[in-house]
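Protein chains in written order, with this note's numbering: chain A, 1003 to 1377; chain B, 24 to 282.
Any given hint might turn out to be false.
Unchecked claim - No more than 27 Å apart at the CA atoms, straight line, and that leaves these computed lysine-lysine pairs for DSSO-like:
{"#": "1", "chain 1": "A", "residue 1": "Lys-1191", "chain 2": "B", "residue 2": "Lys-212"}
{"#": "2", "chain 1": "A", "residue 1": "Lys-1204", "chain 2": "B", "residue 2": "Lys-278"}
{"#": "3", "chain 1": "A", "residue 1": "Lys-1161", "chain 2": "A", "residue 2": "Lys-1242"}
{"#": "4", "chain 1": "A", "residue 1": "Lys-1187", "chain 2": "A", "residue 2": "Lys-1229"}
{"#": "5", "chain 1": "B", "residue 1": "Lys-116", "chain 2": "A", "residue 2": "Lys-1187"}
{"#": "6", "chain 1": "B", "residue 1": "Lys-212", "chain 2": "B", "residue 2": "Lys-116"}
{"#": "7", "chain 1": "A", "residue 1": "Lys-1290", "chain 2": "A", "residue 2": "Lys-1161"}
{"#": "8", "chain 1": "A", "residue 1": "Lys-1229", "chain 2": "A", "residue 2": "Lys-1009"}
{"#": "9", "chain 1": "A", "residue 1": "Lys-1356", "chain 2": "A", "residue 2": "Lys-1374"}
Keep in mind the hints are simulated off the structure, nothing from the lab. Treat the numbers as computed from the prediction; the structure is a model and nothing was measured.
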Amino acid sequence: MTRELWKGNEAIAEAAVRAGLQAYFGYPITPQTEALEYLSWRLPELGRAFLQAESELGAINMVYGAACAGARTMTTTSSPGTSLMMEGLSYIAGTEVPMVLVDVVRGGPGLGNIAPAQGDYNQIVHGGGHGDYHPIVLAPASIQETIDTIYGVFDIADKYRTIGIIMVDGSIGQMMEPVTLPPMKEVRKNWPAWAASATEGKRERNVLTSIYLDPKQEEITNLRLMKTWQQIEKNEVRYKEYFMDDAKFAVVGFGSAGRVALSAVRAARAEGIPVGLFRPISLSPFPKEQIFELSQKLQGLFVVEMNSGMMLDDVMLASQGRIPVEFYGRMGGVMPFPDEILREIRLLHANGWKSEGHPRERWLAKLETIIKEEQ
Amino acid sequence: MTIHLEDMQVIYQHPESLLNVNTHYCPGCTHGVAHRLVAEVIDEMNLRNDCIGVASVGCSVFAYNYFDFDFIQSPHGRAPAMATGVKRVHPDKVVLTYQGDGDMISIGTAEITHAAARGENITVIFINNANYGMTGGQMAPTTLPGQKTTSSPKGRDVEQAGYPIRASEMLATLDGAGYIARRSLHDPKNIRLAKKAIRTAFETQVRGLGFSMVELLSICPTNWHLNPAASTRWLEENMLPYYPLGDYKVHPALKDLKF
Ligand SMILES: Cc1ncc(C[n+]2csc(CCOP(=O)(O)OP(=O)(O)O)c2C)c(N)n1
Ligand code: SF4
């Protein structure tokens, strides 16, 4: 297998092409735009559909249309665009059609900046769009892992007729790494039986909608969605563990924060500190059970994120107050350095764990000084 | 005299493309007339098996319960974007949207404008009834100056709420538009003319001549608080002067079309 140097956003695009992407709709926004640019020549070259939409509202609804029509379809965007797509995501969830969204997250709120961040966790993992639904959210931590995740997510979305979201940050979108690309899958030749692809006089007509005026019917739909979700929770949890065999405590971090934390954990291990890393890949479904198990054998969990502790809440919920939880995060597009995390690991190792108050409060008190010192 | 059935000629029957069911539309509402015309055209052009419809949000949200072919239902205003997604995946199929005025030219202004500008090969049936029917008769972008609605109780004040949008004229400025016409459903003669325009719109799509739209001036007796006959008169007296009927864009290749 040849290893090639690929830029994250272009690798995202090519991985989707090789997974059998049939129709892409998107809108320029940094730090995601290279995916759109790449597909603007790549898909037409293969005789597949590409269109630059008038907005993210347009893009997600084109994806919605293409998904209803039976195509393997995707859009890519970054945080402000994801906000605009929430309406469409809710409709897509309610209609039970499969599609893939890649969110290359940037600093916010508002226009924010184009630096890497993880502030979209709540809007993606815990909703955003209206109504009861859960998308699958996967957060890879390297370009290779992103490629592999995208390559497989279309099948998962198809299997459950659900939304597959890949959440990465601007650093994964923008950097280059040596990777191996998977082989080209053949594009699907037949339309799914449920798709609105025109009857051609060969079958009963298909109607796809998300409206159920009768609350009883809507509730039946909600129940079906929840039952599918239970299956997803059972089958699709993904995570990676590093140095966990003999760890006394663990860092918990996803995506780039998890990757930076790994450097810190390695350095700590070199100093003889018995720390490991637990890196959730599926943020939704969240590896609740695994974290609960960790909370039964470890001294504490140290959550590291590039936001104000959005996953922290889920870790606390999953560990059910059994062990102390500590938090360190950087916000607004600032990436933590391995040294910062190593410093915190050393402190935990030397001083032990606190359990009074909330980890977010302790972190905020600390962060103000850190920001001042850095300026 | 005996009448032999086999000697009789069918001159009027239920269109195949329309399911034989009761609709939820109010008595006298022209949504039903518009449905029938679209269904007749699809039958006549033998397109039913190739059709994919996109319903919008408004009184016609359940259009898929009446048209007998594949149908999807869009978020408010986004039908042209969804239709774009469908058409790009199935360029050989016939894709139509059916949209009200609030849907198409208020919340969905960007989607319809860009679908037209791209020359998206879809057909849009645009129902202009000068108000938001489904939500109970609020002011729409098409509500006439001075017209009373539940959200312009003293009549639309253009100083405060601005002016109505003439969607056909506006979209006809775009090069991607192949056929744009405004017709009215207030009397039989105009209904016939409307059907011809709908036919031309679908011919535009089938011939790949770009975006096509027929705006149909329609009545909403319920929210206008007029009976259907008085509603048609109100349309004639008030809407026709503001929304002149006519062809606003006709692709040269359509000019000699005979059917
Ligand atoms: C995002 C969103 N905003 C508002 C609504 C509420 N709503 C439903 S129908 C409608 C207006 C429909 O009016 P029109 O398009 O003129 O169609 P008509 O009912 O007159 O046929 C509105 C505002 C909605 N469903 N979704
Ligand atoms: S509210 Fe108006 S537009 Fe809607 S069905 Fe009734 S008459 Fe027709």
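Evaluated hints:
This hinted pair does not check out: A:Lys-1191 and B:Lys-212 have alpha carbons roughly 47 Å apart, beyond 27 Å. Pair hint A:Lys-1204 plus B:Lys-278 does not hold up; C-alpha atoms about 35 Å apart against a cutoff of 27 Å. Of the pairs offered as hints, the one joining A:Lys-1161 and A:Lys-1242 holds, with about 23 Å between alpha carbons and a cut-off of 27 Å not exceeded. As the CA atoms of A:Lys-1187 and A:Lys-1229 are separated by approximately 30 Å, the hinted pair breaks the 27 Å bound.
At most 27 Å may separate the alpha-carbon atoms for a hinted pair to count; B:Lys-116 and A:Lys-1187 meet this at roughly 26 Å. Note on B:Lys-212 and B:Lys-116: the hinted pairing is violated, with a Cα-Cα distance of about 31 Å set against a maximum of 27 Å. Taking the CA atoms of A:Lys-1290 and A:Lys-1161, the gap is near 23 Å; set against the 27 Å cutoff, the hint holds. Note on A:Lys-1229 and A:Lys-1009: the hinted pairing is violated, with a Cα-Cα distance of about 38 Å set against a maximum of 27 Å.
Between the alpha carbons of A:Lys-1356 and A:Lys-1374 the distance comes to roughly 24 Å, so the proposed pair stays at or under 27 Å and holds.
Violated hints, in rising order: 1, 2, 4, 6, 8; the structure is consistent with all others.
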